[in-house]
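*Asks:* Fit chain W to the given chain S structure using the hints.
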Amino acid sequence: MAARHLIIGGGTAGMNAIRTIREEESEKSSITLVSAERPYSRMVLPYYLDRSIAESHVFTATARVLADWGVTAHLGKRVTALDTAANTCTLDDGTAIPYDDCLIATGSSAVRAPVPGADLPGVHSFWTLDEARGVIAQIQPGSHVVMVGAGFIAFTILNSILSLGAKLTIVEIAPRILPRMIDDTGAALVQTWLKDHGVTVRTGAKVARIEDAKGKKRLKFASGDLTCDVVIMATGIKTNLEWLKGSAVKVNQGIVVDDYLRSSVPNVYAGGDVAEGRDLISQKPAVHAIEPTAQEHGRVVGANMAGKNVRYRGSLIINIVEVCHLDVASFGAWDDAGAEAASGVKADRPAYRKLLWRGDRLTGAIILGRSGDIWTVNDVGMLKGLVQSGVSLGRWKEYLKKNPFDVKPAFIASKTTSTLLPETVLGRPSKAPGETPVAV
Amino acid sequence: MSVLRLHPQKCTGCLRCELACSYMQTGEFQPAKSVIRVSPFEGHTSYAPYTCTQCAEGWCMTACPVGAITINAVGAKDVLDDKCVGCKLCTIACPYGTMFYDPGTRKAFKCNLCGGAPACAEACPTAAITYEDVATADWLGDFAVERTARVLAEAR
Numbered sequence: 000m001a002a003r004h005l006i007i008g009g010g011t012a013g014m015n016a017i018r019t020i021r022e023e024e025s026e027k028s029s030i031t032l033v034s035a036e037r038p039y040s041r042m043v044l045p046y047y048l049d050r051s052i053a054e055s056h057v058f059t060a061t062a063r064v065l066a067d068w069g070v071t072a073h074l075g076k077r078v079t080a081l082d083t084a085a086n087t088c089t090l091d092d093g094t095a096i097p098y099d100d101c102l103i104a105t106g107s108s109a110v111r112a113p114v115p116g117a118d119l120p121g122v123h124s125f126w127t128l129d130e131a132r133g134v135i136a137q138i139q140p141g142s143h144v145v146m147v148g149a150g151f152i153a154f155t156i157l158n159s160i161l162s163l164g165a166k167l168t169i170v171e172i173a174p175r176i177l178p179r180m181i182d183d184t185g186a187a188l189v190q191t192w193l194k195d196h197g198v199t200v201r202t203g204a205k206v207a208r209i210e211d212a213k214g215k216k217r218l219k220f221a222s223g224d225l226t227c228d229v230v231i232m233a234t235g236i237k238t239n240l241e242w243l244k245g246s247a248v249k250v251n252q253g254i255v256v257d258d259y260l261r262s263s264v265p266n267v268y269a270g271g272d273v274a275e276g277r278d279l280i281s282q283k284p285a286v287h288a289i290e291p292t293a294q295e296h297g298r299v300v301g302a303n304m305a306g307k308n309v310r311y312r313g314s315l316i317i318n319i320v321e322v323c324h325l326d327v328a329s330f331g332a333w334d335d336a337g338a339e340a341a342s343g344v345k346a347d348r349p350a351y352r353k354l355l356w357r358g359d360r361l362t363g364a365i366i367l368g369r370s371g372d373i374w375t376v377n378d379v380g381m382l383k384g385l386v387q388s389g390v391s392l393g394r395w396k397e398y399l400k401k402n403p404f405d406v407k408p409a410f411i412a413s414k415t416t417s418t419l420l421p422e423t424v425l426g427r428p429s430k431a432p433g434e435t436p437v438a439v
Numbered sequence: 000m001s002v003l004r005l006h007p008q009k010c011t012g013c014l015r016c017e018l019a020c021s022y023m024q025t026g027e028f029q030p031a032k033s034v035i036r037v038s039p040f041e042g043h044t045s046y047a048p049y050t051c052t053q054c055a056e057g058w059c060m061t062a063c064p065v066g067a068i069t070i071n072a073v074g075a076k077d078v079l080d081d082k083c084v085g086c087k088l089c090t091i092a093c094p095y096g097t098m099f100y101d102p103g104t105r106k107a108f109k110c111n112l113c114g115g116a117p118a119c120a121e122a123c124p125t126a127a128i129t130y131e132d133v134a135t136a137d138w139l140g141d142f143a144v145e146r147t148a149r150v151l152a153e154a155r
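These protein sequences, in sequence, are chains S and W. When you line the first sequence up against numbering that gives the first Met the number 0, it's residues 0 to 439, in that order. When you line the second sequence up against numbering that gives the first Met the number 0, it's residues 0 to 155, in that order.
Okay, chain S solo, but in the shape it has when bound (with noise of 0.2 Å):
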């Protein structure tokens, strides 16, 4: 009998590992997926808000695909149970499905913070589809936002609020913004810019309650309230792992897995969000809820789903944010306590670079820049480069201490592309994603 492979969640980490199974199975298996939502890609979500796309641009794939693909979908649906004695899983209509081997790869959920009138209508997060869509067709050009968090999240959707023509307040409770992504003098920054794009911020500022206020929202703080006409909620996200409670599957922060992405129970892969697995800089445990991980943990699955057996050698930490046309990016251990670093700053421009070390090689970094700065684009995949190829930068270190604006010759003369060219992911070239095999 062909092998049942189930899929539970059709984002990043699910769609890639049915990709996967399709481009490295030597015969053709059975792919269920039950996905509460349509397979849609969120990281494209800031740019249907600022209708750049369509919405019809955000699906990663369309029925028709998923029939092309030979994928059995349950959509809508979602599961509620998993017998990893039975080999099981029920979904909430009660239809059992059985399995040979199944990831779990059910994503995270956005978090309100706990205050009183966060539930209001009116009052909205911005993490699925179905909350996208609520917040369109609320901002109108002259409409007055209010952003709570200053966090990732929500500045992935800043420039879309200001592009149609909103004004912005964001509100953070913590002392400063950014606070996973960036340090203090990146934030510093950042928010420097905010103020001078007409973008105004409030740190340290706890929201005590929200009302409603004759069709607007009134925001309650210690001192001066704000009233708007949108909140947008964007204080954090949660795992969503409720629904495995009581299985035999080993959940710490995330879901354990080992370096074939599998968790306490063999045959029950875990990815993306949910997964707690090898961190490349630090080889500890992580959950690191982003987009790359996801794609990587889904098509490691993929691949062993297939019966391959890939070892991942663990995910980076990287991201990127635009704010007016100013680039932020982190990479790896930005934040690490015991690296050595080295930093340097053009507040005018603004730019700012800091580097972090383990001995001679670059572990984290933090890169901010202008987006027209052609040196800030190149410099910002060559930082990536060094710290995910892990070089030996040997005397280029302190060159690069010296000048953390230069790390071109730097990255060319450690011979850092010989070290990079031979890895992939799979341990064989990427096919493109348009030539997954059709399997009807």
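Heads up, some of the hints might be wrong.
[Claimed, not checked] Derived DSS-like pairs (lysine-lysine); straight-line CA-CA distance at most 30 Å: (1) W/Lys106 to S/Lys194; (2) S/Lys205 to S/Lys166; (3) W/Lys82 to S/Lys76; (4) W/Lys9 to S/Lys407; (5) S/Lys430 to W/Lys106; (6) S/Lys219 to S/Lys166; (7) S/Lys237 to S/Lys249; (8) S/Lys407 to W/Lys106; (9) S/Lys76 to S/Lys237.
These are calculated hints, taken from the structure and not from any lab test. This one's a predicted model, so the numbers in the text were calculated from it and none came from an experiment.
*Replies:* Frame of chain S, contents of chain W only:
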């Protein structure tokens, strides 16, 4: 497949490749929009061109959340403008620093080997850039080691 083979010892730093590339890629003679970049070494006494290796992993391609980077007819990773939303994930996924982003069009762009007739190679007057059916490689590493010895010594 054929790739761009770089011969740094032949590069004079004339920047014709950058002009040709930008014109071919964007219709403008504007080196800032070139996806092959000439870098100076040893205080501008020698130069080398640097561009996409068309690596096997295709970090840009696998990272793209909407499948906007594909492999074109000559084997180059190529951005599909109508699919690219400008999220920049490819620019942080590429470990070589050879993905570009145009704030004007809000699209990523990169070397696509000009569909099989690379303008940079054609424009280079000294054959420092050739288009050859060879395995891609680190064409600049050894050259850079030699030509950075002095600057590195001074940095100590």
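*Asks:* For each hint, tell me whether it holds in the structure or not.
*Replies:* Checked hints:
Pair hint W/Lys106 plus S/Lys194 holds up; C-alpha atoms about 26 Å apart against a cutoff of 30 Å. Restraint check: the Cα-Cα separation between S/Lys205 and S/Lys166 comes to about 20 Å, which is no more than 30 Å; the hinted pair holds. The hinted pair formed by W/Lys82 and S/Lys76 meets the criterion: a straight-line CA distance of about 29 Å does not exceed 30 Å. For the given pair, W/Lys9 sits about 20 Å from S/Lys407 by alpha-carbon distance, which is consistent with the 30 Å threshold.
Our distance criterion of 30 Å between C-alpha atoms is met by S/Lys430 and W/Lys106, whose separation comes to about 22 Å. Simply put, S/Lys219 and S/Lys166 have alpha-carbon atoms about 19 Å apart, close enough for the 30 Å limit, and the pair holds. Our distance criterion of 30 Å between C-alpha atoms is met by S/Lys237 and S/Lys249, whose separation comes to about 17 Å. For a cut-off of 30 Å, the pair hint linking S/Lys407 to W/Lys106 stands: about 24 Å separates their Cα positions.
Under the criterion of a C-alpha separation no larger than 30 Å, the hint pairing S/Lys76 with S/Lys237 is consistent with the structure, at around 20 Å.
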